[in-house]
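Chemist: Listed here are the chains, written in short residue letters.
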Amino acid sequence: MSRKTLSAAFPYTLPVLMGYLSIGVVFGWMMAAIGYAPTWAAAMSAAIYAGSGQYLAVDLLDRAAPLGDVAFLTLIINFRHLVYGLSMLDKFRGMGWRKLYMIFSLTDETYALLAGVQPPQGVEEKGFYFSIAVLDHLYWIGGSVLGAVAGSLIQVNTEGIDFAMTALFIVIAVEQWRSSRQHLPALLGAGATLACLLVMGQDNGRFLIPALVLMVALLLLLRPRLEGKPEDDAGQGGEDW
Amino acid sequence: MSAGQTVAAIAVMAVITFLTRALPFLLFGRRGNPPRGVLYLGRYLPPAVIAMLIVYCFRQVSFQAPANWVPALIAGLAVALLHLWKRNNMLSILGGTILYMVLVQVVF
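Top line first, the protein sequences correspond to chains S and H. So for the first sequence, this note's numbering puts the first residue at 33; every next one is plus one. So for the second sequence, this note's numbering puts the first residue at 130; every next one is plus one.
Don't take each hint at face value.
Where chain H lies over chain S, by a calculated footprint (3+ residues, C-beta under 8 Å) [as the list claims (entries may be wrong)]:
| hint | region |
| --- | --- |
| 1 | 94 to 107 |
| 2 | 164 to 175 |
| 3 | 225 to 232 |
Since the hints were derived computationally from the structure, they do not count as laboratory data. Here the structure is a predicted model, which is why all the values come from computation and not from measurement. For every residue, glycine included, the Cβ atom is placed at its ideal position computed from N, Cα and C.
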């Protein structure tokens, strides 16, 4: 990563700068609202680096969820990353030690950028991708710290700020709904979860485990119907989120 | 939660998040082809999981008093409509959250 690749990459990352600053600020503010110092928000954004995962983490920390629940929920909310990696196998080949960081930093937004951009003429390709990844990560940490500091300095009633997590998931769902003609999986997910919630009650979110099992089972049962033609290239060109 | 428990929770989240990103490279990095079943779930499970998490977010809704469900319903609809209209993540998330905060703090 040189100054040249950095300045070439910067303009491409501007949309992510706007998005990460705002979503990061809200994350940091939520952390402040549940009583955590800005260093915690910074550490999480540096080490975990996952938007929806960290929004969920605020809820998990706030209700002191057991580590098993933390592991389970982190796993399922990040399952979609599997698809991202599959379409980056070739792009990251030959990046040496930087490949490890590229994999670590493969968030929804960075994935979307990397999938869509080509380096300008005369800019080294791998350094350009690496610069995009580093810049995005810095925006995310910066936004989180900004929000956490603001949240600890500005005394306002933050009751209800946790709704930002709900709002983020609704936004993701709307995007997914628009980008796919197949709405059965989303309906199935909502239905299965609602059924398990009604049967088991909301105690500590335990109903999510049978809900996930039920969803996977139903999806596998419906596979012949959903998959359509055998040559349909599932998993290629993933969604924005 | 103690500082130690928080560090443990963050470490677990960091490691698992990294693993979900690294798994395809570990399994299929050497020009292997992923099983079709994995590709299928990788494609159709994420929308189901997001729908599940939305239900999870609304788990504390009850119909005993309007304050227990009306703000969540109004703000949730507002987020969806705002996003269908403008498709601006920032506007949808901030707008819906501020509306919700006003509803629970001032109105209900």
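Chemist: Taking the hints in turn, state whether each one holds.
Modeler: Hints versus structure:
no.	hint	in the structure
1	94 to 107	holds (count 7)
2	164 to 175	violated (count 0)
3	225 to 232	holds (count 3)
The structure shown violates just one earlier hint, number 2.
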